[in-house]
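Chemist: Next come the chains, spelled out residue by residue.
Protein chains: 4
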Amino acid sequence: MKNVLVTGFEPFGGETTNPSQEIARQLNGRVIGGRRVIGRILPCVFGAAIEELEGYLVEFSPELIIGVGQAGGRAEITPERIAINVDDARIADNAGLQPIDRAIVKRGPAAYWSTLPVKAIAAALRAKEIPAAVSQTAGTFVCNHAFYGLMHALRKKPRIRGGFIHVPFSPAQAKKGQPSLPLETMVEAIATAVAVSLRTRRDLRVGEGQVS
Amino acid sequence: MKNVLVTGFEPFGGETTNPSQEIARQLNGRVIGGRRVIGRILPCVFGAAIEELEGYLVEFSPELIIGVGQAGGRAEITPERIAINVDDARIADNAGLQPIDRAIVKRGPAAYWSTLPVKAIAAALRAKEIPAAVSQTAGTFVCNHAFYGLMHALRKKPRIRGGFIHVPFSPAQAKKGQPSLPLETMVEAIATAVAVSLRTRRDLRVGEGQVS
Amino acid sequence: MKNVLVTGFEPFGGETTNPSQEIARQLNGRVIGGRRVIGRILPCVFGAAIEELEGYLVEFSPELIIGVGQAGGRAEITPERIAINVDDARIADNAGLQPIDRAIVKRGPAAYWSTLPVKAIAAALRAKEIPAAVSQTAGTFVCNHAFYGLMHALRKKPRIRGGFIHVPFSPAQAKKGQPSLPLETMVEAIATAVAVSLRTRRDLRVGEGQVS
Amino acid sequence: MKNVLVTGFEPFGGETTNPSQEIARQLNGRVIGGRRVIGRILPCVFGAAIEELEGYLVEFSPELIIGVGQAGGRAEITPERIAINVDDARIADNAGLQPIDRAIVKRGPAAYWSTLPVKAIAAALRAKEIPAAVSQTAGTFVCNHAFYGLMHALRKKPRIRGGFIHVPFSPAQAKKGQPSLPLETMVEAIATAVAVSLRTRRDLRVGEGQVS
Numbered sequence: 011m012k013n014v015l016v017t018g019f020e021p022f023g024g025e026t027t028n029p030s031q032e033i034a035r036q037l038n039g040r041v042i043g044g045r046r047v048i049g050r051i052l053p054c055v056f057g058a059a060i061e062e063l064e065g066y067l068v069e070f071s072p073e074l075i076i077g078v079g080q081a082g083g084r085a086e087i088t089p090e091r092i093a094i095n096v097d098d099a100r101i102a103d104n105a106g107l108q109p110i111d112r113a114i115v116k117r118g119p120a121a122y123w124s125t126l127p128v129k130a131i132a133a134a135l136r137a138k139e140i141p142a143a144v145s146q147t148a149g150t151f152v153c154n155h156a157f158y159g160l161m162h163a164l165r166k167k168p169r170i171r172g173g174f175i176h177v178p179f180s181p182a183q184a185k186k187g188q189p190s191l192p193l194e195t196m197v198e199a200i201a202t203a204v205a206v207s208l209r210t211r212r213d214l215r216v217g218e219g220q221v222s
Numbered sequence: 011m012k013n014v015l016v017t018g019f020e021p022f023g024g025e026t027t028n029p030s031q032e033i034a035r036q037l038n039g040r041v042i043g044g045r046r047v048i049g050r051i052l053p054c055v056f057g058a059a060i061e062e063l064e065g066y067l068v069e070f071s072p073e074l075i076i077g078v079g080q081a082g083g084r085a086e087i088t089p090e091r092i093a094i095n096v097d098d099a100r101i102a103d104n105a106g107l108q109p110i111d112r113a114i115v116k117r118g119p120a121a122y123w124s125t126l127p128v129k130a131i132a133a134a135l136r137a138k139e140i141p142a143a144v145s146q147t148a149g150t151f152v153c154n155h156a157f158y159g160l161m162h163a164l165r166k167k168p169r170i171r172g173g174f175i176h177v178p179f180s181p182a183q184a185k186k187g188q189p190s191l192p193l194e195t196m197v198e199a200i201a202t203a204v205a206v207s208l209r210t211r212r213d214l215r216v217g218e219g220q221v222s
Numbered sequence: 011m012k013n014v015l016v017t018g019f020e021p022f023g024g025e026t027t028n029p030s031q032e033i034a035r036q037l038n039g040r041v042i043g044g045r046r047v048i049g050r051i052l053p054c055v056f057g058a059a060i061e062e063l064e065g066y067l068v069e070f071s072p073e074l075i076i077g078v079g080q081a082g083g084r085a086e087i088t089p090e091r092i093a094i095n096v097d098d099a100r101i102a103d104n105a106g107l108q109p110i111d112r113a114i115v116k117r118g119p120a121a122y123w124s125t126l127p128v129k130a131i132a133a134a135l136r137a138k139e140i141p142a143a144v145s146q147t148a149g150t151f152v153c154n155h156a157f158y159g160l161m162h163a164l165r166k167k168p169r170i171r172g173g174f175i176h177v178p179f180s181p182a183q184a185k186k187g188q189p190s191l192p193l194e195t196m197v198e199a200i201a202t203a204v205a206v207s208l209r210t211r212r213d214l215r216v217g218e219g220q221v222s
Numbered sequence: 011m012k013n014v015l016v017t018g019f020e021p022f023g024g025e026t027t028n029p030s031q032e033i034a035r036q037l038n039g040r041v042i043g044g045r046r047v048i049g050r051i052l053p054c055v056f057g058a059a060i061e062e063l064e065g066y067l068v069e070f071s072p073e074l075i076i077g078v079g080q081a082g083g084r085a086e087i088t089p090e091r092i093a094i095n096v097d098d099a100r101i102a103d104n105a106g107l108q109p110i111d112r113a114i115v116k117r118g119p120a121a122y123w124s125t126l127p128v129k130a131i132a133a134a135l136r137a138k139e140i141p142a143a144v145s146q147t148a149g150t151f152v153c154n155h156a157f158y159g160l161m162h163a164l165r166k167k168p169r170i171r172g173g174f175i176h177v178p179f180s181p182a183q184a185k186k187g188q189p190s191l192p193l194e195t196m197v198e199a200i201a202t203a204v205a206v207s208l209r210t211r212r213d214l215r216v217g218e219g220q221v222s
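Residue numbers (the working numbering), protein chains in the order written: chain A, 11 to 222; chain B, 11 to 222; chain C, 11 to 222; chain D, 11 to 222.
These are calculated hints, taken from the structure and not from any lab test. Careful: at least some of the hints might be erroneous.
[Unchecked claim] Cut-off 25 Å, straight-line C-alpha distance, at most; resulting in silico cross-link-like pairs (DMTMM-like, lysine to aspartate or glutamate):
| id | chain 1 | residue 1 | chain 2 | residue 2 |
| --- | --- | --- | --- | --- |
| 1 | B | 138 | A | 139 |
| 2 | D | 138 | C | 69 |
| 3 | D | 185 | C | 198 |
| 4 | C | 186 | C | 62 |
| 5 | A | 167 | A | 73 |
Please take these sequences and the hints and turn them into a complete structure.
Modeler: And the structure:
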């Protein structure tokens, strides 16, 4: 059986949990669309996150890779459209690193596009009553870092598709007034994203951009 | 079997759906805590909403009444703490009425407190991973209007408890970036609120206020 | 010359500044509409805030009192419509007090209305390009506490008008993405509120409510 | 005297004003840092916006170009870090065009970095009590389109610097609860951005990224 890799991140920024970690754990071993999901947790550390991810690419030869990360404050499940070649850390990572305006890959392109069908994923989630929208920025912290590193690793392997999806806080993390989603809703969302990605060759042509 | 009344509202403000309407419909007939839930839809019309509600109080003699309404833009299920004695409509209601600074009950008190265990409800929802928080304002439109009218009707009936809970948009209603929750999560939330209200005599003493 | 009292609050909640404190300081001694502004700083402490405020009412016999407080996260200058009779502290005040669901005035009414022309103030601010809107809740912390205490003190003195206005963070306080306003804009806003209150006997009849 | 070009946009999306248009008008003819500011208004039309902009580059040979656009809902003045090579229109532009996932420049790079000192600009604004933060996405509508077109035009002219800054709604545009800033604050902000860009060769090395 072929493999799909779903990565989450360990908690960071003073949080004790990270919904992306729980998602990767819960999906690990599940079979979706005839593939086995390998769920793994990446360290929230610049450099190390990419190294571990590259190790899993070698170990499991996945045909599809979906990185998942926590975007506290967002209201929706957000497939990311683009990864940009910069680390600019507003807070320290879990190893105390805080790079400022550093290229992730020296002389790498300014950005890589996701090769996931981000619009089909968003549409499929909304059809299941799960809040979803395409995002135009994965930030400049370890999530974007791993996402860029992934797309750089895949740049010459067009048949292996990959990308990144941000998820909101879980309810226990949200402060009063902040959006959040039940964890089980988020697990279902990422399982759906895997299924949609496996069966969708051409993304939908519908507006999912934003004015600003 | 004793009755519990759960009211929702018809769509308003240009929307074609209203999650509170769906919640009332789906809970209608369900048995919770040994009581039968009567689910009814109120018109989003000043005056008429209270008149219909009062009719249901007579018809069903419920021992517990939970009004439910849509609070587009909120991120959480929000049991309301207080109803205030003013109609101040930013938009027209479904009959075209748009009262400005009009008392709901002439010479009525400035405000009535909910008699639901609002903090126990919020805590029970969060324990189920459902975003929830106590709200300090139900607005000044038809939701607050019906809530005030309900508490006025119950003011001399301390054994009948009542209150109001606002729910977020459903995903189909939310604009990009706006919070929403799956409808089934919201139905479960209100069912939980009914159960908690029935079994809770004294509310929790935990901070659920807000700084501003 | 008659007096107008404008109160601000000392910093709280871990902040080192409070725009309301700066506003009261900067307006202290200014003459607006033929009255002298007395600017004073209240402690962010339940009980003590009302006691100090009552002392100023005796000392200065103001004909108009505007309490000002910080509402971190709000985007607008918000004249408050109503004060409610409850302390429910999500965080400790500056004396370590954290009351839960305690009446501010035992057997006091559930709420008092502001006697400021809140809509005329909001309209005048917007005419000056200053973001403004009427608010339906002053929260349940020390701001609402002082506001309720003020209106309770004025309840039998209809010729003395009073109320409360919340202001956003100043830019130095706001986290990335949070709204804020330049301090000078906020000082101008409160000066304008004083002037409008002095010259306005009947508030505007325009919709300033909210749906929820 | 050398020239600086500041562009704004005409109103779009049903608005009757656009603060960026007013900013360009008010700065037109002003002298900042020994340069004359040329303020021009671009059409909010895909294609035509870049064509007009390129015409101004030829006509005025500016050494610095700052595009300005309206980002309704944002709370801060936001210098943009990066332009991406895609048009994905959620709404129609002013000519009725609504491209979906179309490259702005065929075979152009996925993204261009701003060559403005975006962090020095944000820091200078905050020092003036003006809300400001670096943004990681200019969206996928006409603002990003013009920004990408500008950086493409400048790609082989390293001595001419350019970039884009989004500004919030003006107060008259904002709905209740939405952030906005007084127009004069925004005019001062862009004038400051021009001055800072002219005198800053190396941007500050401070964290201005975002986690997500």
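Chemist: The structure should be examined with respect to each hint, and the outcome stated for every one.
Modeler: Here is how each hint holds up against the structure:
1. B:138 <-> A:139: holds (18 Å)
2. D:138 <-> C:69: violated (37 Å)
3. D:185 <-> C:198: holds (22 Å)
4. C:186 <-> C:62: violated (35 Å)
5. A:167 <-> A:73: holds (10 Å)
Hints 2 and 4, counting from the list given before, are not met by this structure.
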